[in-house]
Each structure stands twice: as structure tokens, then as C-alpha cells.
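Asks: Protein sequence lines, in the order shown, are assigned to chains R and X. Just so we're aligned, residue 0 is where the first sequence starts under numbering that gives the first Met the number 0, counting upward by one. Just so we're aligned, residue 0 is where the second sequence starts under numbering that gives the first Met the number 0, counting upward by one.
Honestly, I wouldn't trust all of these hints.
As the list claims (entries may be wrong) - Once the Cα atoms are required to be at most 20 Å apart in a straight line, the calculated SDA-like pairs of lysine to any residue come out as:
| id | chain 1 | residue 1 | chain 2 | residue 2 |
| --- | --- | --- | --- | --- |
| 1 | R | K74 | X | L40 |
| 2 | X | K41 | R | L226 |
| 3 | R | K229 | R | D137 |
| 4 | X | K41 | R | Q225 |
| 5 | X | K41 | R | R215 |
| 6 | R | K74 | R | L8 |
| 7 | X | K41 | R | I10 |
| 8 | R | K74 | R | T208 |
| 9 | X | K41 | R | E224 |
| 10 | R | K74 | R | E136 |
| 11 | X | K54 | R | A233 |
| 12 | R | K227 | R | A217 |
| 13 | X | K51 | R | R222 |
| 14 | R | K229 | X | K41 |
| 15 | X | K41 | X | F29 |
| 16 | R | K227 | R | R215 |
| 17 | X | K41 | R | D221 |
| 18 | R | K74 | R | A233 |
| 19 | R | K74 | R | F58 |
| 20 | R | K74 | R | L129 |
| 21 | X | K54 | X | R42 |
| 22 | R | K227 | R | R141 |
| 23 | R | K227 | X | K55 |
| 24 | R | K229 | X | L40 |
No lab work stands behind these hints, which were simulated from the structure alone. Because the structure is a prediction, the values reported are computed rather than measured.
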Amino acid sequence: MPTSTPRPLQILSLVTAVMALIALGLVFFYAQTEVTMGEVQRIFYFHVPSAWVGFLAFFVTLVAGIAFLRTGDYKWDRVGFSSVEIGITFSAMTLLSGVLWGRPAWNTWWTWEPRVTTYTIMLLLYFAYLMLRQSLEDPNRRARYAAVYGIVAFVSVPITYFAIQLARSIHPVLFGPANPNAEGDSSLTPEMLQTFFFCLFFFTVLYATLLWHRLRLADHADRVEQLKAKLMSA
Amino acid sequence: MSLSTLLDTPDTSAYMIAGYIIFITLPVLFIASLLYRQRNLKRDEEAMESLKEEKK
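Required output: the full structure, derived from the provided sequences and hints.
Replies: Next comes the structure, spelled out in C-alpha cells:
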């Protein structure tokens with residue numbers, strides 16, 4: 000049974016580690032310090048990409064849920080579950096870093112403004128996904144319920160994304176028409192934009208690397224479960 | 000307060016450092032949890048393999 004890390008994954012992990020160092024180098028030594036907010040603006044370079052990875056991870060769970068319901072292949076269940084774990088990690092990062100950015104920018108640690116509120120609800124919905132899985136013993140029921148839940152919970156993602164356009168918000172808008180009520184908005188120099196797009200690419204690669212590692216763990220857990228079942232029935 | 004003080008860039012580096020501690024800690028914790036679970040699975044697998052051998 001192959002348990003050693005495959006060569007392409009080893010290379011991808013190494014590339015991701017090098018990209019992490021480059022991203023940090025760009026954030027701290029290449030991008031200029033923003034004049035209005037000061038150093039805290041550098042949070043933006045990892046805050047937005049981690050939010051992107053959260054959305055991407057939950058989208059992958061949606062696709063995996065549909066694929067599982069159509070094919071009944073447990074591979075898709077493992078993809079959905081693994082992706083939610085990564086999505087929660089990155090969404091928590093986004094929320095916590097947003098709190099730290101909000102203190103100097105909005106003069107408060109927490110505010111129930113539309114983006115922050117919907118983001119928190121989205122995160123809690125995906126925590127509930129994990130709780131749902133934990134509560135179900137039967138693998139078939141667990142996979143089916145999780146697939147349906149993963150599809151329904153995804154509704155929270157576009158609501159979160161468009162919350163600042165749909166309701167009056169003080170959250171800055173990065174893409175789309177500028178928000179006249181935004182506080183802490185800033186224009187970006189070419190160096191800042193280059194840094195931002197590199198970080199966005201790096202986080203996407205990081206997601207792929209983590210998902211691959213997490214899927215290998217899920218496959219391993221599956222093999223151990225099968226072995227356990229064989230032993231019990233013998 | 001003078002106008003130049005008002006126009007100065009504020010020192011918000013403490014928030015930035017705290018932010019990057021989060022950006023580094025959470026993925027590291029996630030990777031550590033993967034390694035921990037992998038180790039436990041390996042242990043379980045070995046235990047079951049030896050049980051299987053004993054049954055033979």
C-alpha cells in the first residue's frame with residue numbers, strides 16, 4: 000500500500016513553501032507602506048486571498064456534493080469534507096485578521112456590519128457541517144446528508160460576497176463599484192497590486208497543496224476503516 | 000494637536016504583527032493536525048495488521 004508522499008506532491012509542497020517566502024518578502028519589503036492606515040494595511044495582502052480560498056474551498060464542496068449525489072462515489076465525499084476543513088481554517092483566518100484590521104481602521108474590534116455578519120454566519124454554517132458529519136454513524140447517510148448540506152450551505156457564500164453591495168456597509172470594496180460609505184478604503188500602487196496578485200496566486204496554490212495532503216489523509220482513514228471492518232467481520 | 004500630527008501615518012504595526020501571527024499560526028496548526036492524525040492512523044493500521052496476523 001503506497002503511503003509515502005508522491006513525488007509531484009513533494010515538489011508542489013516545496014514550491015508552496017518557496018512561494019510563501021516570496022509572498023512575505025513582497026509584503027514586507029516590496030509593497031509600500033500605506034499612508035492613511037500605516038503598517039496594518041499589509042494585512043490586506045493575506046486577508047483577501049484567505050477569504051478567496053475560503054470561498055473556493057466551499058465552492059469545491061458544492062461541486063463535490065453534486066458529484067457525490069450523481070455518482071455515489073465516496074471519493075467526492077472525501078473531497079467535500081477535506082475542502083470544508085481547509086475552508087474553515089482560511090475563513091477563520093480572514094475573520095480574525097479582519098478584527099485586527101478593524102480596530103485601527105474602524106476604531107472598534109467588532110461591528111455587526113453586513114460583510115462581517117454574513118461572513119460569521121457562513122463560518123458557523125460550515126462548522127455545523129462538521130458537527131453534522133460527527134453526529135452520523137452510517138457512512139452512506141453521512142455522505143448523502145453532508146453532500147446536500149454542502150450544497151445548501153453554499154448559498155451563504157454569494158450572500159456574503161454581495162452583502163456589501165446589497166446593504167449599507169462600511170467594508171471596503173476591492174472589485175466592483177466603490178462603496179461611498181467605506182471606511183479604511185485605499186488606492187493601490189502598482190507594487191501593491193503586484194504583491195496582492197502574487198499573494199492571491201500563492202494562496203490558491205497553498206489551497207491545492209493542502210487539499211492534496213488532506214485527501215491523502217482521508218484515503219488513509221478510509222483504508223483503516225475498511226481494515227477494521229474486515230477484522231470485525233472475520 | 001498640530002496639523003502635522005494629524006497628517007502623520009499612524010503606528011499600527013502591532014495590529015499588523017498580530018495579523019501575521021494569525022496568518023502563520025492557523026495554517027501551521029492545520030498542518031500539525033494533519034501530521035498528528037496521520038501518525039494515529041499509522042499506529043491504528045499497524046495494530047490492526049498485527050491483529051490480522053495473530054488471527055491467521
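Asks: Against the structure shown, which of the earlier numbered hints fail to hold, in ascending order?
Replies: 7, 18
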